[in-house]
Amino acid sequence: GDSVTQMEGPVTLSEEAFLTINCTYTATGYPSLFWYVQYPGEGLQLLLKATKADDKGSNKGFEATYRKETTSFHLEKGSVQVSDSAVYFCALTDSGGSNYKLTFGKGTLLTVNP
Amino acid sequence: EPEVTQTPSHQVTQMGQEVILRCVPISNHLYFYWYRQILGQKVEFLVSFYNNEISEKSEIFDDQFSVERPDGSNFTLKIRSTKLEDSAMYFCASGLLRQGNQPQHFGDGTRLSIL
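Going down the list, the protein sequences come from chains Y and C.
In terms of my numbering, the first sequence opens at residue 1 and continues consecutively.
In terms of my numbering, the second sequence opens at residue 115 and continues consecutively.
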């Protein structure tokens with residue numbers, strides 16, 4: 001079945017540091033890939049998405065590129081802020097399945113210190 | 115911006131009791147989902163719902179679970195006889211289109227604690 005594996009946390013960085021959170025996937029079809037973010041006390045919010053190979057999703061300074069050859073969708077940000085502290089979830093929906101349910105990774109807790 | 119709302123934010127229930135978690139999806143959305151996250155584990159799909167019927171359910175969604183859209187605005191998840199292992203954060207989500215490249219919109223979740 002489908003699965004998503006992402007970097008175990010927690011990740012602690014200083015403000016303005018470079019962020020990478022690794023994400024790899026397995027899927028039976030041709031998936032769409034997503035990063036969701038959960039700020040403290042809030043629900044899951046879509047951060048960015050990519051729907052085909054070599055697409056780059058970007059939002060709020062975060063980027064991730066759909067790499068079919070390595071089945072990866074790593075999240076990056078060049079300079080993190082304290083307000084980026086949250087849990088980040090990599091997820092996919094699989095065109096080979098029905099109803100496009102989301103399959104999530106375990107989540108990575110990011111803490112950014114001033 | 116329209117949002118998915120869930121109530122209550124925290125529910126504490128005795129084991130064996132019934133619990134109903136409520137969700138109000140975004141008004142023009144057609145596809146509805148429940149997910150759960152046991153503490154420290156992955157967010158897991160439970161069930162999807164379209165056109166007043168379940169369209170897919172996971173192995174987790176056994177006979178003790180049911181979903182309903184009773185009045186065209188609410189979307190509820192009922193757990194008939196709760197067990198300790200049902201303690202989790204439950205997320206409702208809705209989507210306008212059933213396409214893989216379209217995002218689902220999530221509520222803030224209900225934290226269910228079974229004692």
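Rather than coming from a laboratory, the hints here were simulated on the basis of the structure.
It should be emphasised that the depicted structure is a prediction, and the values quoted were computed from it without experimental measurement.
For glycine and all other residues, C-beta sits at the position ideal for the given N, C-alpha and C.
Any given hint could turn out to be false.
DSS-like mimics (lysine-lysine), calculated; alpha carbons at most 27 Å apart, straight line [said to hold, decoys possible]:
#1 156(C) to 60(Y)
#2 56(Y) to 68(Y)
#3 197(C) to 106(Y)
#4 156(C) to 52(Y)
#5 106(Y) to 156(C)
#6 192(C) to 106(Y)
#7 156(C) to 68(Y)
#8 56(Y) to 192(C)
#9 52(Y) to 106(Y)
#10 156(C) to 197(C)
#11 171(C) to 106(Y)
Some residues of chain C that are not near chain Y, with every Cβ distance over 10 Å (derived) [unchecked claim]:
#12 118
#13 136
#14 138
#15 143
#16 170
#17 178
#18 197
#19 216
#20 219
In rising order, the numbers of the hints this structure does not comply with: Per hint list: 8, 12, 16, 19 and 20 violated.
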